[in-house]
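Undergrad: Chains as they are written, first to last, in our numbering: chain A, 1 to 158; chain B, 1001 to 1158; chain C, 2001 to 2158; chain D, 3001 to 3158; chain E, 4001 to 4158; chain F, 5001 to 5158.
These aren't lab readings, by the way, just hints derived from the structure by calculation. Worth double-checking, as some hints may not be accurate.
[To be verified] In silico DSS-like links for lysine-lysine, alpha-carbon gap of 27 Å or less:
| # | chain 1 | residue 1 | chain 2 | residue 2 |
| --- | --- | --- | --- | --- |
| 1 | A | 135 | B | 1135 |
| 2 | B | 1021 | C | 2135 |
| 3 | C | 2021 | C | 2151 |
[Unchecked claim] Some but not every residue of chain F turned toward chain A, in silico, with C-beta under 10 Å:
| # | residue |
| --- | --- |
| 4 | 5027 |
| 5 | 5029 |
| 6 | 5066 |
| 7 | 5079 |
| 8 | 5084 |
| 9 | 5090 |
| 10 | 5094 |
[Unchecked claim] Each pair of labels, with its calculated beta carbon distance range:
| # | chain 1 | residue 1 | chain 2 | residue 2 | range |
| --- | --- | --- | --- | --- | --- |
| 11 | B | 1156 | D | 3024 | 19 to 27 Å |
| 12 | E | 4092 | D | 3005 | 56 to 64 Å |
| 13 | F | 5039 | E | 4136 | 44 to 52 Å |
| 14 | E | 4136 | C | 2010 | 23 to 31 Å |
| 15 | B | 1157 | E | 4017 | 42 to 50 Å |
| 16 | E | 4094 | D | 3017 | 52 to 60 Å |
| 17 | C | 2094 | B | 1132 | 54 to 62 Å |
| 18 | C | 2037 | D | 3024 | 50 to 58 Å |
| 19 | F | 5156 | E | 4152 | 25 to 33 Å |
| 20 | F | 5151 | D | 3091 | 49 to 57 Å |
| 21 | D | 3005 | A | 158 | 30 to 38 Å |
Small disclaimer: the values here were computed from a predicted structure and weren't measured. Where is the CB? At the ideal position from N, CA and C, for every residue including glycine.
6 protein chains.
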Amino acid sequence: MTDLTHFDPLGNAVMVDVSAKAPTERVAVAAGSVLMAADTMALIQARGVKKGDVLAVAQLAGIMGAKRTPDLIPLCHPLALSSVKVELQLDPARNAVDIQATCKLTGQTGVEMEALTAVSVAALTVYDMVKAVDKSMRITDIRLLHKSGGKSGTYQAV
Amino acid sequence: MTDLTHFDPLGNAVMVDVSAKAPTERVAVAAGSVLMAADTMALIQARGVKKGDVLAVAQLAGIMGAKRTPDLIPLCHPLALSSVKVELQLDPARNAVDIQATCKLTGQTGVEMEALTAVSVAALTVYDMVKAVDKSMRITDIRLLHKSGGKSGTYQAV
Amino acid sequence: MTDLTHFDPLGNAVMVDVSAKAPTERVAVAAGSVLMAADTMALIQARGVKKGDVLAVAQLAGIMGAKRTPDLIPLCHPLALSSVKVELQLDPARNAVDIQATCKLTGQTGVEMEALTAVSVAALTVYDMVKAVDKSMRITDIRLLHKSGGKSGTYQAV
Amino acid sequence: MTDLTHFDPLGNAVMVDVSAKAPTERVAVAAGSVLMAADTMALIQARGVKKGDVLAVAQLAGIMGAKRTPDLIPLCHPLALSSVKVELQLDPARNAVDIQATCKLTGQTGVEMEALTAVSVAALTVYDMVKAVDKSMRITDIRLLHKSGGKSGTYQAV
Amino acid sequence: MTDLTHFDPLGNAVMVDVSAKAPTERVAVAAGSVLMAADTMALIQARGVKKGDVLAVAQLAGIMGAKRTPDLIPLCHPLALSSVKVELQLDPARNAVDIQATCKLTGQTGVEMEALTAVSVAALTVYDMVKAVDKSMRITDIRLLHKSGGKSGTYQAV
Amino acid sequence: MTDLTHFDPLGNAVMVDVSAKAPTERVAVAAGSVLMAADTMALIQARGVKKGDVLAVAQLAGIMGAKRTPDLIPLCHPLALSSVKVELQLDPARNAVDIQATCKLTGQTGVEMEALTAVSVAALTVYDMVKAVDKSMRITDIRLLHKSGGKSGTYQAV
């Protein structure tokens, strides 16, 4: 049976040793959604056309969150991201805020966790800004859409 | 129409002024799940009986993540949590890791975001530790189960 | 001659012992400006009417910066701000972005440094976002406008 | 009209994608001043000859502040500075503390923000250490003196 | 047999729930030493009389380190220290730098870890600044000297 | 007499300029111990066989602590560690928890401080988790065992 790379044979958690890996161009794309009541969606939409936009605040929080990944995820390597892009879109048909994040690095380790963390922090920020009117929102379907670079090659979600 | 508390009339984002609020006992409980392939679930279960447990690492990351909430969520107040509890359980029937976090504070502001952040960081850590064998996991259904304390009173998810 | 409170008689830097002080309501207001070329000002003005506003990003950075004050200023106390408000305005007559920050706390120590740090970080963020078109901007006149609360009483800039 | 590099066409704030840039040697030099009352200047001068020097504390804070730049400035890349140098000098003729910071990196992005942040944090620290005797100090003229390296070439303040 | 307060009956690590404790005045004093070669000690002594003092840098790092305790120690509560004092002294007879830290808080939890962390970070900083000339230094005897306040009362090292 | 690399001729603390150094493979190994009462040792041993292991929590804290080194040690360079490994072992004969940390980097500066910080944070975490039953523990003998890479070559503790 395959075993987990983050433990050594004695059961110690380890930051995986990537020192022998060649630096390659790494890209990861992650996505997720915040589901809410119809009235809440309408409120966010109404703000979106003027200054003081919920999505703009969440978008910035997502970018900053990507940078905090090694502080949050115990076994993630500290790394120097070369690009972070976060986009939020309203889907009124589903009463959803859809979030997508893309991270890039030329380095020895992938950036999946950075993209997933960006999505998570953006989603939490949407929740925070709207929670006074809707506590029943759900953050859902946070997943990896795509990764490329590195020894394990390209992954594309089906 | 109700408006959002995190913007002033000019559209400036604001950290809500809680200085006039009386400190009260605040509790918040949040939950969420990581869904995965059956083989991945089996792998985590196998580890759970020995040292080097995925859930133990994620559980600790969740506690530490709760403390980083004001660094991550732009308009959250910095605050001195009096308790953080994070629990992870396997549900093999759903191939799910279920996460629940409880935060407490005696203070002027609620701790919903701290509980939701604890769940999110624990979920991301599960993903990180298992991603070498399963990139198609989903972090899902992050939501508030319960809050009490403060002017808005008690909320209980249905 | 008056001496400095941040050194003990041996010359050791100290975080001033505030444990015997009664908690009082503290407020501090600080301000500052970023001066730039007329063309740069025009560019920021043009953005201000649509999504993707320089001032909105800087405004959020200022709020988050206030929370990082004890990490940055060696002898500042960690504290639980109850309010942070940051406002940026364009003054086209002076080709200036004017920044004002207000912080509040009920506690044993003042929040002047938090307000000044919020202004500084907002100003640095304006610089960052516009530096590709204007490297000659100046951050200037960062100062305390007002403080109240605490043993030293109220200060009002003339 | 030139547009801002930190927004995409939809108005999303972006961390600029530098992944296609070649790493080059980057240097940035920034400066700024803290202006104060003559008595305050005399007090700092008096300390400078013994242990417990205001300038030494501010100088160290500036170096540490440079390292926190990506945590503070939302769209700054995380990066691995190869050198930070901060110098503070008294100019009694102007009752000024003059601060200069030099940062270096071999990388894909400039270090102007790191140098400007070092100056800002050093200046805020001077303010903090002396504010008990002089609240009317001003942090002023924070500016870029020089940068070299990268596609945009060398900038020299006039 | 006594059991550990930081685990629940299921073996989950927990941040101990202090929400029912009354805030009391807490004090903790910790100490430790850095042992080195006689030549290294002489070098530090020589610097101590002029600007650029190893002990002054380490002393400041210790104060800042105390503030980072909840970021470093997984189950420590975030808290608002009311005083941090760090002192370093040379003992040439033992070729030792002796470090002592005192932390205070009015709160629901003790500050032993903050005092011990301050000593550790100050000791590490001494090592860092002198390691180019002496890699064989030892950081040793980090211990709690005294604590008071809280339910467990006063502890005094023998 | 040799002088210290972390001060310039004027006595300013400096982050050493490594920009002219070639990146090489760097390794550092550090160690240290926590000494305790026999009953405390027995308590930790009893936990080690089930979930909720003191050593597992401390081990993870050590890895995360290594990543915080540039935040803690004022003149340390920020850097992108390629590997961190922390191991804790009980030595019942000495009533000691022995800690060893290994850090790696391909870069321009050594990782001794990262390894020493990992050991220190792991030791502090052991103290934190057991302090309710034993306040007289000592953290001791934190030292560099080995370093290789860089201009100063290999160091091996005797």
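Undergrad: Please go over all the hints and tell whether each is borne out by the structure.
TA: A quick look at each hint next to the structure:
1. A:135 with B:1135: violated (30 Å)
2. B:1021 with C:2135: violated (44 Å)
3. C:2021 with C:2151: holds (8 Å)
4. 5027: Constraint on residue 5027 of chain F satisfied, holds at 9 Å.
5. 5029: Violated - the Cβ of residue 5029 of chain F stays beyond 10 Å from chain A, reaching only about 14 Å at its closest.
6. 5066: holds (8 Å)
7. 5079: Cβ of residue 5079 of chain F sits 7 Å from chain A, so the hint holds.
8. 5084: With a closest approach of 4 Å, the residue 5084 of chain F hint holds.
9. 5090: violated (13 Å)
10. 5094: violated (20 Å)
11. B:1156 with D:3024: 19 to 27 Å: violated (58 Å)
12. E:4092 with D:3005: 56 to 64 Å: Once the Cβ atoms are compared, 57 Å apart, the range 56 to 64 Å for residue 3005 of chain D and residue 4092 of chain E holds.
13. F:5039 with E:4136: 44 to 52 Å: violated (34 Å)
14. E:4136 with C:2010: 23 to 31 Å: holds (29 Å)
15. B:1157 with E:4017: 42 to 50 Å: For residue 4017 of chain E against residue 1157 of chain B, whose Cβ atoms are near 22 Å apart, the range 42 to 50 Å is violated.
16. E:4094 with D:3017: 52 to 60 Å: Given about 56 Å between the Cβ atoms, the range holds.
17. C:2094 with B:1132: 54 to 62 Å: holds (57 Å)
18. C:2037 with D:3024: 50 to 58 Å: violated (27 Å)
19. F:5156 with E:4152: 25 to 33 Å: Given about 44 Å between the Cβ atoms, the range is violated.
20. F:5151 with D:3091: 49 to 57 Å: 38 Å Cβ-Cβ, so the 49 to 57 Å window is violated.
21. D:3005 with A:158: 30 to 38 Å: At roughly 35 Å between Cβ atoms, residue 158 of chain A and residue 3005 of chain D fall inside 30 to 38 Å, so the hint holds.
The structure is inconsistent with the numbered hints 1, 2, 5, 9, 10, 11, 13, 15, 18, 19, 20, although it conforms to all the rest.
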